[in-house]
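Engineer: Residue strings, one per chain:
Protein chains: 2
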Amino acid sequence: MLYVIGIGPGGLDMMTYQAREAIEQADVIVGYKTYTHLIKALVGDKPVIKTGMCKELERCQAALELAQNGKTVALVSSGDAGIYGMAGLILELVSKQDWYVDVKVIPGMTASIAAGAVLGAPLMHDFCHISLSDLLTPWPVIEKRIQAAADADFVICFYNPRSRGREGHLRRAFELMAPYKAPTTPVGIVKEAGRRKQQHWLTTLEAMDFELVDMRTLVVVGNQSTYVDNGLMVTPRGYQV
Amino acid sequence: MLYVIGIGPGGLDMMTYQAREAIEQADVIVGYKTYTHLIKALVGDKPVIKTGMCKELERCQAALELAQNGKTVALVSSGDAGIYGMAGLILELVSKQDWYVDVKVIPGMTASIAAGAVLGAPLMHDFCHISLSDLLTPWPVIEKRIQAAADADFVICFYNPRSRGREGHLRRAFELMAPYKAPTTPVGIVKEAGRRKQQHWLTTLEAMDFELVDMRTLVVVGNQSTYVDNGLMVTPRGYQV
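Going down the list, the sequences are from chains A and B. Under full-length UniProt numbering, the first residue of the first sequence is numbered 1, with each subsequent residue one higher. Under full-length UniProt numbering, the first residue of the second sequence is numbered 1, with each subsequent residue one higher.
Rather than coming from a laboratory, the hints here were simulated on the basis of the structure. Incorrect hints may appear among the rest.
Same chains, same names: a pair is fine if it fits in one copy or spans any two.
[To be verified] Below, a list of computed lysine to aspartate or glutamate pairs in the EDC-like style, where the Cα atoms sit at most 16 angstroms apart: (1) Lys104 with Asp13; (2) Lys71 with Glu56; (3) Lys96 with Asp229; (4) Lys33 with Asp13; (5) Lys40 with Glu24; (6) Lys96 with Glu65; (7) Lys55 with Asp214; (8) Lys40 with Asp13; (9) Lys71 with Glu24; (10) Lys144 with Asp134; (11) Lys197 with Asp214; (12) Lys40 with Asp98.
All figures in this text were calculated on a predicted structure; none of them were measured in a lab.
Please model the entire structure based on the sequences and the hints provided.
Structural biologist: Shown next, in the form of structure tokens:
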């Protein structure tokens, strides 16, 4: 049995009961080392197979092999395993490589939701997730999505906004939104949402400081109704208040 | 103190520890009756103020008044309180009506994530949330978002897809997507995700049965890479498998 588990942002308090139970039931834990560290209180003395970043395929195959050999395996992702996590790759491998493994995906709190609660209530109206990583997606596809989402006045959550090798992507995304969103559109920046080192900032499209952003940061750009009051970012749903 | 709490889809197993703790600490619980019923095991003999559907403003004001009078109040929403829930309205009321209340938003698992795990891994690539309720949003705004999202090849999650008074909205949404998404695009339908009566179906854009859908249903429409295999809906992220 292979549980593909979203552990949420990192703190045990934002994990679901179902995720916790699955980790406790597992014989062995597999995951990127930052994530296995976050849940070490639950893992106890179970064997942990850690792999580094960008070793997704290796990590998934290790988990499938253990499960096929009869182990109950917990493959952990931060956030939700089904959102830029490991669930898709596991299910692709199962269907294309003839593994005989039962897989159960256990959902978790994705970064946008955790970040939204920190900022106030910026996601109250239609919103989208866009990853700025072009490791697996052609950049023109990403550009088209940014423009379409800005033109249709979605709130936009940027995942993987910045890292070594693509410092300029977020700046380019802001240039692409500029024709559609006002310069004063509120922008929320949350680093390490839901973890002990959590930090957040409120700014605007025109005053954005890209240096605040790294790979562990989520950036939320408001729609045309979003406002900031008393340090909180709110997107009204349309109630007459 | 007012906790605005997302309880997740409904089952206690998909609630976070933080949400559970806040409910346990509260003096009084406020919420739409379906949601207060879902958490009755946690509520014990605390007073519960239930209100009916479409009484959002009344419910929020009741919660604020209790909190201003010194009670610790848990205002519960299903899913995440910050996604089409009560967090935005509470924060709007606090800033516009001069309530003196400390508010803490406690995030929860929204329906798309719970539904995604049931269907497989349909949300592995960029996706958006669109509510088809035009009670608070002009219908032309919704139409523009549907077209933009379909044109830019987002996976699309439809919230509030159908109810009495707007039976035709989902059918219209499918007509609007037709120029951009292939007729064979996979569609996942999840009713009562994460609850005991959960049901789900897989179909396609052209074979969609709108009669399966009600207000407690989430509809997920794939992107051009989404496929169904072995009863699971998967949107590949782009790994070479």
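Engineer: If a hint holds in the structure, say so; if it doesn't, say that too.
Structural biologist: Evaluation of the provided hints:
Within a single copy, Lys104 and Asp13 get their C-alpha atoms only as close as 22 angstroms, which misses the 16 angstroms cut-off; across copies the closest is 15 angstroms, which meets it. For a Cα distance limit of 16 angstroms, the shortest separation of Lys71 from Glu56 qualifies neither inside one copy, at 20 angstroms, nor across copies, at 48 angstroms. Proximity of Lys96 and Asp229 under a CA criterion of 16 angstroms is satisfied inter-copy only: 9 angstroms between copies versus 51 angstroms inside one chain copy. In this assembly of identical chains, Lys33 and Asp13 lie within 16 angstroms of each other by CA distance neither inside one copy nor across copies; the values are 20 angstroms within and 26 angstroms between.
With identical chains, the CA atoms of Lys40 and Glu24 are at most 16 angstroms apart within one copy only, with a shortest distance of 11 angstroms there and 26 angstroms across copies. Taking the shortest Cα distances, Lys96 and Glu65 sit within 16 angstroms of each other inside one copy (15 angstroms), while across copies they are farther apart (57 angstroms). For a Cα distance limit of 16 angstroms, the shortest separation of Lys55 from Asp214 qualifies neither inside one copy, at 20 angstroms, nor across copies, at 42 angstroms. Proximity of Lys40 to Asp13 under the C-alpha cut-off of 16 angstroms is restricted to the intra-copy arrangement: shortest distance 14 angstroms within a copy versus 21 angstroms between copies.
Taking the closest pair of Cα atoms, Lys71 and Glu24 come within 16 angstroms of each other only inside a single copy of the chain (13 angstroms); across copies the shortest separation is 37 angstroms, beyond that limit. Within a single copy, Lys144 and Asp134 get their C-alpha atoms as close as 13 angstroms, which meets the 16 angstroms cut-off; across copies the closest is 27 angstroms, which misses it. Taking the shortest alpha-carbon separations for Lys197 and Asp214, only the intra-copy value of 14 angstroms comes in at or below 16 angstroms, while the best inter-copy value is 42 angstroms. For the identical chains of this complex, Lys40 and Asp98 are neighbours neither inside a copy (32 angstroms) nor across copies (44 angstroms), given an alpha-carbon limit of 16 angstroms.
Against the hints set out earlier in the document, violations occur for numbers 2, 4, 7, 12.
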